[in-house]
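Visitor: Sequence:
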Amino acid sequence: MPPQPHPVRASESGNVPRHVAIVMDGNGRWARKRFMPRVYGHKVGVEALVRVVQSCADRGIEHLSVFAFSSENWKRPSDEVSGLMGLVLVAVSKYLAKLAGDGVRIRIVGDRSVVSDKLRAAWREAEESTAHNTRITLSVAFNYGGRWDVVQACRRIVEAGTPPERIDEALLASHMAMSYAPDPDLFIRTGGEVRISNFMLWQTAYSELYFTHCLWPDFGDTELDAALAAYARRDRRFGEVRDSAPVLAVAPHAEG
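Each residue of the sequence shown is one higher than the one before, starting from 2 at the first, in the numbering used here.
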């Protein structure tokens, strides 16, 4: 394997977030505007994700976490759900070698108990074949929910027989599904909705929030840089008192 380019870490490049979390919203609406089925929008959304992973790595971001399929998405029409499951398999087959060669480490986060054996095998292949990569970690949340994450962490603590007096925030955080990553510095949601939608509820307590009307398939370098520029202007106080206060940013309408 050729040597991986050394990333410029956030600490070396100024005010760049170490960890960016994204709710990739708007695939279905993007497709509908083009008189195409919703699954086609998800397909183009995967292509957008591959581009954004590279862009984040180029900018020195160490972790990118994306909300691919929530535990509530099972309520969607059955043909869309089955199409999404098939798309995951196709995406692993089509893009895994490229992402691995680009130094991307892939981790799948969520409840795997209800997905097919074939899908679990594809996820294992993606994780194992990229485990040695260090340029950027891509965490894909699939069949994931923030409330589920808190509950499963609590269950693991109880199952370990931990005395109540030993349970604190640090212990709970260590049992979260993404305990290997720092909390997100920047939370981005595309598609014009202004809510977190049960994504990383515990971890986003002090994340900077950024919302854009841009539909996910259209999200690229221009939109990413706008979000990073907004983040760089924030005054991150973490509960301290300072002269200036952070501003909640909503990007201008950019659907096109």
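These are calculated hints, taken from the structure and not from any lab test.
Glycine residues also receive a C-beta, built at the ideal position from the N, C-alpha and C atoms.
Fair warning: there could be bad hints in the mix.
As the list claims (entries may be wrong) - Label pairs and their calculated CB-CB ranges:
1) Ala206 / Arg234: 31 to 41 Å
2) Lys34 / Asp169: 27 to 37 Å
3) Asp112 / Asp226: 31 to 41 Å
4) Lys34 / Val151: 29 to 39 Å
5) Gly87 / Lys34: 20 to 30 Å
6) Thr135 / Lys95: 15 to 25 Å
7) Asp59 / Pro183: 12 to 22 Å
8) Glu166 / Ser94: 41 to 51 Å
9) Arg125 / Val195: 29 to 39 Å
10) Ala230 / Ile168: 16 to 26 Å
11) Pro78 / Arg238: 21 to 31 Å
12) Thr223 / Ser79: 31 to 41 Å
To be verified - Pairs of lysine-lysine, DSSO-like flavour, derived with a Cα cap of 27 Å:
13) Lys76 / Lys44
14) Lys99 / Lys119
15) Lys119 / Lys76
16) Lys44 / Lys99
17) Lys44 / Lys95
18) Lys44 / Lys34
19) Lys99 / Lys34
20) Lys95 / Lys119
Visitor: Compare the structure with each hint and give your call.
Guide: Each hint tested on the structure:
At about 21 Å, the CB distance of Ala206 to Arg234 disagrees with the hint of 31 to 41 Å. A hinted range of 27 to 37 Å for the beta carbons of Lys34 and Asp169 is inconsistent with their spacing of about 48 Å. For the pair Asp112 and Asp226, the supplied restraint of 31 to 41 Å holds, since their beta-carbon distance comes to about 34 Å. Distance hint check: the CB atoms of Lys34 and Val151 are about 36 Å apart, consistent with the given range 29 to 39 Å.
The hinted window of 20 to 30 Å between Gly87 and Lys34 holds, with their beta carbons roughly 23 Å apart. Remark: the range hint 15 to 25 Å for Thr135 to Lys95 is upheld by a beta-carbon distance near 23 Å. A C-beta distance of roughly 20 Å is found between Asp59 and Pro183, which places it inside the suggested range of 12 to 22 Å. Taken as a hint, the range 41 to 51 Å holds for the pair Glu166 and Ser94, whose Cβ atoms sit roughly 50 Å apart.
Restraint check, Arg125 to Val195: a C-beta distance of roughly 36 Å satisfies the suggested window 29 to 39 Å. Range check, Ala230 to Ile168: Cβ separation about 40 Å, and the 16 to 26 Å hint is violated. Range check, Pro78 to Arg238: Cβ separation about 44 Å, and the 21 to 31 Å hint is violated. At roughly 36 Å, the beta carbons of Thr223 and Ser79 sit within the given window of 31 to 41 Å.
Among the hinted pairs, Lys76 with Lys44 is consistent with the structure: their alpha-carbon atoms are about 20 Å apart, no more than 27 Å. About 21 Å separates the Cα atoms of Lys99 and Lys119, which keeps this hinted pair within 27 Å; it holds. Taking the CA atoms of Lys119 and Lys76, the gap is near 22 Å; set against the 27 Å cutoff, the hint holds. Taken as a hint, the Lys44 and Lys99 pair is honoured in the structure, with Cα atoms around 17 Å apart against an allowance of 27 Å.
For the proposed pair Lys44 and Lys95, the alpha carbon gap of about 12 Å is at most 27 Å, so the pair holds. A distance of roughly 15 Å separates the Cα atoms of Lys44 and Lys34; the hinted pair therefore holds under the 27 Å criterion. Between the alpha carbons of Lys99 and Lys34 the distance comes to roughly 30 Å, so the proposed pair goes past 27 Å and is violated. Between the alpha carbons of Lys95 and Lys119 the distance comes to roughly 16 Å, so the proposed pair stays at or under 27 Å and holds.
When held up to the earlier numbered hints, the structure conflicts with 1, 2, 10, 11, 19 and fits the remainder.
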